[in-house]
Every structure is written in C-alpha cells, then in structure tokens.
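Each position in the sequence shown, counted from 1, maps to that position plus 158 in this note's numbering.
Honestly, the hints are just simulated from the structure, not real lab data.
Careful: at least some of the hints might be erroneous.
Unchecked claim - Calculated lysine to any residue pairs in the SDA-like style (CA-CA distance at most 20 Å, straight line): (1) 254 x 189; (2) 256 x 229; (3) 191 x 252; (4) 256 x 202; (5) 254 x 182.
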Amino acid sequence: MKRAVPVLSVAALGGVLLLSGCQSNTHSCVNGKCHVTVTGAGQTVEVNDVDVTVSQISDQGMTVSADGSAPAVIPNGERARVGSVSITVTSIEGQKVKFDLE
C-alpha cells in the first residue's frame, strides 16, 4: 500500500506533462514585423505588447482576436486586419499555425 501514493503521483504528473505538451508558441520580431508560431488552439500570446488569442485552428484557417477585438477567421495564405494589427496566415499543419503580425 505504500507504493500507491508514488504510483498515483507519477500517473498524475504524466497526465499533466501530456496535457501541457499540446500547446506551445514562439515569436520573433524585426522592424515591427513578427513571425509567430502557435501549436494548439485556445491560447493567448503577447506579441509586441498586443495580446493575440488563437481560439481555433483548422484546415480552413485560424480564428484569432487581438487585444479583445471580435474574432476573425483568416484562411491559410490570407491577410486580415484584426483589432489594431494586420495578420497574415503563412501555413497551417494540423494544430500548428504560422502567421506574420504587423
């Protein structure tokens, strides 16, 4: 019975690691243009002092809002004004989306 606690702890930790591994994001900016990669919908990333929320990623495009703006669906390869920024979706692969923000 003493082993039950460590086994449960390991199982719980494994579940947390599994869930947290589904989302990630990176970005880099040069001269006001930022390249952003988001893996996993449902997250908000801060890019150049703008809170960008990616709420959905699908083959049709991504649903995104910026600084509390209304959500916009932007298809792959398209550009749209979202709040105070312009976003161009450059690629979508499964739950990974890459876009440029200006």
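Results for each hint:
1. Using a Cα cut-off of 20 Å, the hinted pair residue 254 and residue 189 is violated, with the two alpha carbons roughly 25 Å apart.
2. A hinted pair counts as satisfied when its Cα atoms are at most 20 Å apart, and residue 256 with residue 229 qualifies at roughly 17 Å.
3. Annotation: proposed proximity of residue 191 to residue 252 is violated, straight-line Cα distance about 24 Å (limit 20 Å).
4. Taken as a hint, the residue 256 and residue 202 pair is honoured in the structure, with Cα atoms around 14 Å apart against an allowance of 20 Å.
5. With a CA separation close to 9 Å, the supplied pair residue 254 and residue 182 stays within the 20 Å bound.
Hints 1 and 3 from the earlier list are contradicted by this structure; the remaining hints agree with it.
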